[in-house]
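K.L.:
One letter stands for each residue in the lines below.
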Amino acid sequence: MNLKPETLSKIDEVITHYPTKRSATLPLLHLIQEDVGHLPPDTSEWVAAKLELQPINVLEVITFYPMFRQKPIGRRHIKVCRTLSCALLGGYKTCATFEKEFHTHLGEVSPDGEVTVDFVECLASCGTAPVVMIDDELHEKVDCAKAKQLSDQIKAEAKKR
Amino acid sequence: MIAPAKPDLVTVNIDGQEIAVPKGTNVIEAARLVNVDVPHYCYHPKLSVVGNCRMCLIEMGMPAVDPATKAPIMDPATGKQKINWIPRPQIGCGTNVSPGLHVKTTSPMVKDAREGVMEFLLINHPLDCPICDQAGECKLQEQATGYGRGYSRFVEQKNVKPKRTQLGPRVTLDDERCILCSRCIRFSKEIAKDDVLGFVDRGSYSTLTCYPGKKLENNYSLNTVDICPVGALTSTDFRFKMRVWFLKQTNAIDTESSVGANTVVWSREGTIYRITPRRNDEVNDTWLADSARVLYKVVKAADRLAATETIEALVARAAALFKSAPGAIAVVGSGRSTLEEHFLTRHLANALKASAQLVSRVGQGDKLLISADRNPNVRGALVTGLIKTLPTQQLTDLAAQIDAGKIKVVVAINEDLSAAGLTAAQLAKVAIVYLGAHANATSAAAKVVFPTLTVFEKSGTLVNQQFRIQKTLKAVPAAAGATDDLVVLSLLVAAAGGATLPAELASLWKVIAAEVPALATMSFANLPETGLVLDATPFAALPFVEGETLHYKPAQPAVAAATA
Ligand code: SF4
Ligand code: FES
Ligand code: FES
Numbered sequence: 001m002n003l004k005p006e007t008l009s010k011i012d013e014v015i016t017h018y019p020t021k022r023s024a025t026l027p028l029l030h031l032i033q034e035d036v037g038h039l040p041p042d043t044s045e046w047v048a049a050k051l052e053l054q055p056i057n058v059l060e061v062i063t064f065y066p067m068f069r070q071k072p073i074g075r076r077h078i079k080v081c082r083t084l085s086c087a088l089l090g091g092y093k094t095c096a097t098f099e100k101e102f103h104t105h106l107g108e109v110s111p112d113g114e115v116t117v118d119f120v121e122c123l124a125s126c127g128t129a130p131v132v133m134i135d136d137e138l139h140e141k142v143d144c145a146k147a148k149q150l151s152d153q154i155k156a157e158a159k160k161r
Numbered sequence: 001m002i003a004p005a006k007p008d009l010v011t012v013n014i015d016g017q018e019i020a021v022p023k024g025t026n027v028i029e030a031a032r033l034v035n036v037d038v039p040h041y042c043y044h045p046k047l048s049v050v051g052n053c054r055m056c057l058i059e060m061g062m063p064a065v066d067p068a069t070k071a072p073i074m075d076p077a078t079g080k081q082k083i084n085w086i087p088r089p090q091i092g093c094g095t096n097v098s099p100g101l102h103v104k105t106t107s108p109m110v111k112d113a114r115e116g117v118m119e120f121l122l123i124n125h126p127l128d129c130p131i132c133d134q135a136g137e138c139k140l141q142e143q144a145t146g147y148g149r150g151y152s153r154f155v156e157q158k159n160v161k162p163k164r165t166q167l168g169p170r171v172t173l174d175d176e177r178c179i180l181c182s183r184c185i186r187f188s189k190e191i192a193k194d195d196v197l198g199f200v201d202r203g204s205y206s207t208l209t210c211y212p213g214k215k216l217e218n219n220y221s222l223n224t225v226d227i228c229p230v231g232a233l234t235s236t237d238f239r240f241k242m243r244v245w246f247l248k249q250t251n252a253i254d255t256e257s258s259v260g261a262n263t264v265v266w267s268r269e270g271t272i273y274r275i276t277p278r279r280n281d282e283v284n285d286t287w288l289a290d291s292a293r294v295l296y297k298v299v300k301a302a303d304r305l306a307a308t309e310t311i312e313a314l315v316a317r318a319a320a321l322f323k324s325a326p327g328a329i330a331v332v333g334s335g336r337s338t339l340e341e342h343f344l345t346r347h348l349a350n351a352l353k354a355s356a357q358l359v360s361r362v363g364q365g366d367k368l369l370i371s372a373d374r375n376p377n378v379r380g381a382l383v384t385g386l387i388k389t390l391p392t393q394q395l396t397d398l399a400a401q402i403d404a405g406k407i408k409v410v411v412a413i414n415e416d417l418s419a420a421g422l423t424a425a426q427l428a429k430v431a432i433v434y435l436g437a438h439a440n441a442t443s444a445a446a447k448v449v450f451p452t453l454t455v456f457e458k459s460g461t462l463v464n465q466q467f468r469i470q471k472t473l474k475a476v477p478a479a480a481g482a483t484d485d486l487v488v489l490s491l492l493v494a495a496a497g498g499a500t501l502p503a504e505l506a507s508l509w510k511v512i513a514a515e516v517p518a519l520a521t522m523s524f525a526n527l528p529e530t531g532l533v534l535d536a537t538p539f540a541a542l543p544f545v546e547g548e549t550l551h552y553k554p555a556q557p558a559v560a561a562a563t564a
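As they're listed, the protein sequences go chains A and V.
No gaps in the numbering here: position 77 of the first sequence is 77 in my numbering, and each next residue is one more.
No gaps in the numbering here: position 70 of the second sequence is 70 in my numbering, and each next residue is one more.
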């Protein structure tokens with residue numbers, strides 16, 4: 001496992017927050033996913049060794065939570081809300097627009113490596129449906145036109161790189 | 001031994017029956033004591049309680065008291081104290097008794113709860129009982145009979161999961177049948193200390209898995225098959241071989257070490273199909289090593305000995321050998337023989353005025369159910385007086401005596417003398433009378449060979465490391481051409497000029513009880529299923545080889561002698 005020195009020091013620090021090491025499983029997984037972008041295959045063993053557990057104990061946690069990713073994703077993570085309010089106001093179309101713009105399917109890495117589009121549960125901004133989160137940024141009232149605009153913006157930024 | 005402190009008793013009421021049970025007992029166990037069955041899947045008496053299957057839901061209540069005065073509130077209708085019933089069902093496995101606890105296991109609410117749980121459990125169940133090995137001993141099948149609807153309201157698609165995963169060399173998993181009770185996971189972690197199983201994914205996709213790259217291959221893996229309440233975990237050896245209801249069950253003892261784990265041998269028409277553990281809370285709880293389950297293969301082994309002469313002819317030839325060498329005979333018995341055989345062997349040695357010895361077999365103990373002493377019944381030889389000291393691994397004394405020409409005839413019982421260190425030249429120098437079930441270098445060199453029985457073909461008793469005398473019973477008929485060891489031994493005793501001793505267990509035990517003070521009050525028939533602990537103090541000074549195992553702590557010889 002190739003983690004940044006900051007991540008490693010955060011990990012060592014966060015373990016001290018809990019009365020038993022085992023309790024630090026979730027925070028550790030979050031830190032690793034933040035650092036690497038996903039949880040590589042050796043995560044279970046690495047975390048288990050760190051917390052004096054068995055690898056299967058960690059694997060159970062990783063597979064339980066859908067937000068832990070076991071495969072790499074695109075440079076940006078586009079999360080389109082699929083729950084009631086957003087669905088009623090066109091979330092499905094918004095999602096399809098992103099898929100079309102980046103020639104990709106849900107959960108996959110787009111061919112240019114720029115994005116992964118996911119259809120997710122309520123993002124807690126139902127009043128401004130349909131909503132989309134791109135990485136940590138919330139975008140409100142994203143209809144197809146706005147989805148196209150956001151996609152263009154991402155593509156433009158990608159060109160600059 | 002210090003007697004355990006008398007547990008505090010708590011009186012509870014289950015379906016109207018009052019019973020006093022020890023504090024800390026849960027409702028399932030308390031109900032068992034009044035013969036009330038609380039159906040359950042995830043609860044197992046020897047594992048931690050997790051309460052995840054919800055099959056054991058019961059209704060419970062406590063006697064009502066006035067909140068202010070704490071005075072009991074009486075029910076005018078019955079004249080008894082009123083019971084405040086909790087309006088929701090509670091899990092029986094996770095509820096420990098408290099004084100005055102009232103439990104209902106037959107109320108409409110409980111029946112409803114059981115039916116609801118069963119319906120959910122069967123939603124994704126493949127219902128493949130006709131091809132399932134567990135059929136006939138499946139808790140899901142049993143509870144479905146009691147609480148199932150008989151038809152399904154589920155119109156959606158069932159989940160599809162892996163049907164035949166090899167979890168390890170001996171265990172096969174059908175994930176579709178798994179009801180996610182986690183018994184196997186807890187067993188692996190808590191008892192086998194090999195935490196490799198777990199549930200991955202979530203909800204109805206939850207799947208029992210072995211950690212990728214690891215295997216469920218510890219020597220206790222088959223216990224997961226025993227405790228799996230459904231047919232999800234099956235024994236690769238037993239899979240698809242036989243319907244369990246055709247099999248005859250015989251209580252026996254695991255002979256691979258001095259632990260003496262209690263077993264059940266399952267057979268049909270003279271063929272053994274499997275060996276499973278039998279619960280004995282003082283010896284093996286509900287567990288059994290995998291290695292103990294394949295021992296039955298010795299019955300039909302290719303190297304079984306079979307007689308080519310009548311037993312009378314064999315005895316006559318042995319008698320002639322005995323006469324030819326008075327005072328120059330040695331007897332080598334076996335730590336694998338039963339106590340009754342040891343007793344007759346002692347008589348044989350006495351009649352021949354021969355020295356008797358055993359051969360020790362020592363291995364690594366596994367701290368659970370295999371001890372360092374791989375002979376199951378060395379203590380039986382001590383109790384019957386066949387030997388006074390512990391056996392050695394090599395028969396060096398005997399070898400020296402043979403070399404010196406002092407021993408001319410050796411009676412070897414179930415022991416390969418060459419494995420015990422005698423050279424081929426030494427074997428050739430003496431006349432050997434061999435009693436045993438299988439061929440080996442000694443039987444090949446022997447002048448007279450009596451083919452005898454494996455432990456599965458005979459009854460007897462064994463004394464384990466706790467000095468617990470336990471019965472092992474005959475599961476299958478004797479192989480053709482083989483004679484019961486007791487018959488051979490009693491004939492040999494007579495041929496050697498000794499007393500006429502019965503070979504049949506009930507009569508033989510009368511003689512044993514009369515001659516061995518430690519066994520004076522016993523008979524074969526009245527020996528309890530879980531055995532009886534004999535007084536070990538006469539042997540406290542002997543340096544036994546066993547280390548700690550489940551329910552056994554070796555006594556420090558010095559300390560034991562001091563307190564004796
Ligand atoms: S395999 Fe059997 S013992 Fe293990 S969780 Fe599933 S049902 Fe329970
Ligand atoms: S339904 Fe989309 S944010 Fe709540
Ligand atoms: S046995 Fe009580 S919840 Fe499973």
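It should be emphasised that the hints constitute simulated quantities derived from the structure, not laboratory data.
Keep in mind that this is a model prediction, so the values were computed, not measured.
Please note that a few of the clues may not be correct.
In silico lysine-lysine, DSS-like type, Cα no more than 27 Å apart, as pairs [unchecked claim]:
1) K193(V) <-> K50(A)
2) K71(A) <-> K163(V)
3) K21(A) <-> K215(V)
4) K215(V) <-> K71(A)
If you want the footprint, here are the derived chain V segments under chain A, 3+ residues with CB under 8 Å [said to hold, decoys possible]:
5) 38-45
6) 114-120
C-beta: ideal position from N, C-alpha, C; glycine also.
K.L.:
Hint by hint, say whether it matches the structure.
P.N.:
To see whether the hints hold, each was checked on the structure:
| no. | hint | verdict |
| --- | --- | --- |
| 1 | K193(V) <-> K50(A) | 19 Å, holds |
| 2 | K71(A) <-> K163(V) | 26 Å, holds |
| 3 | K21(A) <-> K215(V) | 26 Å, holds |
| 4 | K215(V) <-> K71(A) | 24 Å, holds |
| 5 | 38-45 | violated (count 0) |
| 6 | 114-120 | violated (count 0) |
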